[in-house]
Amino acid sequence: MTVIFYLSSVIALLAAAIAISRRNAFHALLYVVVSLLAVAVTFFSIGAAFAGALEIIVYAGAIIVLFIFVVMMLNLGPQAAGRADGLLTPSMWFGPALLALTLLVELSVILIRATGTGTSDTAVGPREVALSLFGPYAIGVELASFLLLAGLVGAARLGSGARSTGGDR
Amino acid sequence: MTAGIPLEHGLLVAAGLFVIGFIGVLVRRNLLFQLLSIEIMLNAAGMAFVIAGARWGEADGQVLFIFILVMAAAEVAVGLALLLRLSNRFGDLDGDSVSSMRG
Numbered sequence: 005m006t007v008i009f010y011l012s013s014v015i016a017l018l019a020a021a022i023a024i025s026r027r028n029a030f031h032a033l034l035y036v037v038v039s040l041l042a043v044a045v046t047f048f049s050i051g052a053a054f055a056g057a058l059e060i061i062v063y064a065g066a067i068i069v070l071f072i073f074v075v076m077m078l079n080l081g082p083q084a085a086g087r088a089d090g091l092l093t094p095s096m097w098f099g100p101a102l103l104a105l106t107l108l109v110e111l112s113v114i115l116i117r118a119t120g121t122g123t124s125d126t127a128v129g130p131r132e133v134a135l136s137l138f139g140p141y142a143i144g145v146e147l148a149s150f151l152l153l154a155g156l157v158g159a160a161r162l163g164s165g166a167r168s169t170g171g172d173r
Numbered sequence: 009m010t011a012g013i014p015l016e017h018g019l020l021v022a023a024g025l026f027v028i029g030f031i032g033v034l035v036r037r038n039l040l041f042q043l044l045s046i047e048i049m050l051n052a053a054g055m056a057f058v059i060a061g062a063r064w065g066e067a068d069g070q071v072l073f074i075f076i077l078v079m080a081a082a083e084v085a086v087g088l089a090l091l092l093r094l095s096n097r098f099g100d101l102d103g104d105s106v107s108s109m110r111g
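In the order they appear, the protein sequences are chains P and W.
By the numbering used here, the letter at position 12 of the first sequence is numbered 16, and the numbering carries on one by one without gaps.
By the numbering used here, the letter at position 91 of the second sequence is numbered 99, and the numbering carries on one by one without gaps.
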């Protein structure tokens with residue numbers, strides 16, 4: 005299990021790093037799917053099977069498919085790189101990457117200096133998650149339903165006008 | 009309780025994923041890639057929750073992961089609808105093209 009965790013962690017980090025540096029949107033999306041599946045494998049390896057299943061179903065199965073639909077609607081092909089071409093030169097990403105890597109180094113120092121505490125091997129199954137979700141966290145479920153309704157209304161409103169008002173500026 | 013992955017290693021992976029997504033948001037000007045990078049960042053936050061929950065053997069981490077999942081789904085629905093509007097109006101997905109918007 006330990007080997008699986010570290011292997012899939014490396015895959016997740018590599019795939020995410022490749023994904024944000026692609027010019028082609030489809031290639032980036034496929035690398036993100038690989039990254040999400042690798043994260044799901046790490047969840048399985050630490051005993052959080054329900055979270056791993058949700059990661060595959062909702063993230064890789066629903067959210068990324070939504071991205072793919074949008075890329076298909078916008079007809080983004082290799083030609084879409086266009087103006088972004090000049091933005092991927094080393095001088096453009098050196099500054100932001102340096103700042104972000106400084107953040108990573110700080111986080112790493114804090115985490116490495118902490119004393120080692122192992123994760124427990126007890127698997128937390130869907131039953132415990134459901135009992136906790138609909139017990140003490142029931143108010144969170146209600147708020148999440150509000151958020152989803154607001155997202156639905158917002159997406160329907162914004163999406164319905166996309167075709168009709170496209171022409172006039 | 010003895011075996012298993014050290015908590016810090018799991019949190020390091022989550023921090024690495026978060027920083028990669030952060031670099032994506034800062035460097036890319038294409039709004040589709042920025043949304044994708046935000047998804048990577050949210051995923052890293054959820055991973056930190058799940059790993060911290062696994063440290064204690066409790067379900068709370070996975071419950072909060074579900075909440076992050078809900079938020080990511082709502083965010084991506086509205087974000088992609090805005091992206092379609094933007095593409096129809098300006099013809100490309102460059103975030104800088106919106107800076108000329110009036111009002």
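No wet-lab data here; the hints were simulated from the structure.
This one's a predicted model, so the numbers in the text were calculated from it and none came from an experiment.
Keep in mind that the hints are not guaranteed to be accurate.
Unchecked claim - Across the chosen pairs, the derived CB separations fall in these ranges:
1) 105(W) x 100(P): 13 to 23 Å
2) 28(P) x 106(W): 32 to 42 Å
3) 105(W) x 61(P): 31 to 41 Å
4) 107(W) x 6(P): 23 to 33 Å
Stated by the list, open to error - In silico contact screen, one side only, chain W against chain P (beta carbon under 10 Å); selected entries:
5) 41
6) 62
7) 106
Here a beta-carbon is modelled for each residue, glycine too, at the ideal position from N, C-alpha and C.
Right, here's what the structure says about each hint:
Checking the proposed 13 to 23 Å range against residue 105(W) and residue 100(P) shows it holds: the Cβ atoms sit about 20 Å from each other. As the Cβ distance of residue 28(P) to residue 106(W) is approximately 23 Å, the hint placing it in 32 to 42 Å is violated. In this structure, residue 105(W) and residue 61(P) meet the distance hint of 31 to 41 Å, their C-beta atoms being roughly 35 Å apart. The hinted range of 23 to 33 Å is not satisfied by residue 107(W) and residue 6(P), whose Cβ atoms lie roughly 49 Å apart.
Annotation: interface hint on residue 41(W) holds; nearest CB of chain P at approximately 7 Å, less than 10 Å. Checking residue 62(W) against chain P by beta carbon gives a least distance of about 4 Å; that is within 10 Å, so the hint holds. The beta carbon of residue 106(W) is not positioned within 10 Å of any beta carbon in chain P (closest approach about 13 Å), and the interface hint is therefore violated.
Hint compliance for this structure: hints 2, 4 and 7 are broken, all remaining hints hold.
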